[in-house]
Every structure is written in C-alpha cells, then in structure tokens.
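**Student:** Sequence:
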Amino acid sequence: MGKTLFTTSATGVGGRTGTVSSNDTDLSFKLSRPKSFHGEGGTGTNPEELFALGYAGCFGSAFQSVARKAKSDAKAAITVAVSMNEDDALGGYQLSIAITAEVADASLEEAQKLVDLAHEMCPYSKATRGNVDVTLHVKMK
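The numbering used here applies: residue 1158 is where the sequence shown begins, and numbers increase by one.
Watch out, some of these pointers could steer you wrong.
Pairs of lysine to aspartate or glutamate, EDC-like flavour, derived with a Cα cap of 20 angstroms [claimed, not checked]:
| # | residue 1 | residue 2 |
| --- | --- | --- |
| 1 | Lys1232 | Glu1197 |
| 2 | Lys1232 | Glu1259 |
| 3 | Lys1192 | Asp1244 |
| 4 | Lys1226 | Asp1183 |
| 5 | Lys1298 | Glu1267 |
| 6 | Lys1226 | Glu1267 |
| 7 | Lys1298 | Asp1262 |
| 8 | Lys1298 | Glu1266 |
| 9 | Lys1298 | Asp1230 |
| 10 | Lys1228 | Glu1277 |
The hints are simulated quantities; they were obtained by calculation from the structure and are not laboratory data. Remember, predicted model here, so these are calculated numbers, not experimental data.
The task is simple: from the sequences and hints, build the whole structure.
**Tutor:** Structure representation (structure tokens):
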C-alpha cells in the first residue's frame, strides 16, 4: 500500500433507521429502511444509496482519467445501481452492482475500452472486485 493521500470518517447511530454524519463536514443524513427491505419507507436515505452516490462519483473520475490518458474526447454520465439481494448460500444479504456509462464523443468500441479501463482503475471497483457481482453497461449518447 502506498502513501495515504486522504482519510475521511463518518459516524452512524441507530443502524438503518438512525443517522449518519461525516466527521469532517456538516454532511448528515437521516436513514430509512425501504419498504421492500422490511422497513417503514420514509424520507431518509439508506447505506446502499450513499454507496451508489460515492461509487458513481469515483467511477466518473476514473473514466475522465483514462479518457485523458488515451487522448480521447469521450465524456460519460455514470449511473450506479446498488441492489440488496438475499444470500441463498450463506443466509443474510449480499450486494450486486450495475454500472451504466452513457458515453458521448466516442465510438462504441472506444467507449467500452474506456469503461473497462476505468473499472480497473477505480478504487471502488478495486474494493468490490471478487467480493461483489459488478456488471458494466455502455450506452451511446
């Protein structure tokens, strides 16, 4: 592991029906368990939504980086869908992730190559690799 460039932290109180707050900024969220996940619904967010937000931002930066290195004008809007699934083998739950890159200013072949490279580079992709089922989709703008 190389030199640490940045560390952040957050604190959660009350689990999936409590709150989460950044320890570095004023960022704070009320959490609500979705009805489809045996919850009350409500106006709060959930850990999977927060994970999807972070992953989308990180993957988008990785895409920009690999496009720049490839001297490509390609631009992408990244959508990350995080699903909570029953884990039939072990009990409990497991995540799955679908990443859709809507790419402009590139051929389909170039867009696919850039998305694949971004997936290799993105720290979120590295963290989930081998642990979470991640699928990649490319749509042309």
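**Student:** Run every hint past the structure and note whether it holds.
**Tutor:** The hints, checked one at a time:
1. Lys1232 - Glu1197: At roughly 39 angstroms apart (the allowed maximum being 20 angstroms), Glu1197 and Lys1232 break the hint.
2. Lys1232 - Glu1259: holds, 8 angstroms
3. Lys1192 - Asp1244: This hinted pair holds, its Cα atoms lying about 19 angstroms apart.
4. Lys1226 - Asp1183: Violated: Lys1226 and Asp1183 sit about 35 angstroms apart, past 20 angstroms.
5. Lys1298 - Glu1267: holds, 13 angstroms
6. Lys1226 - Glu1267: holds, 13 angstroms
7. Lys1298 - Asp1262: holds, 8 angstroms
8. Lys1298 - Glu1266: holds, 14 angstroms
9. Lys1298 - Asp1230: holds, 13 angstroms
10. Lys1228 - Glu1277: holds, 18 angstroms
When the structure is compared with the earlier hints, violations turn up for hints 1 and 4 and for no others.
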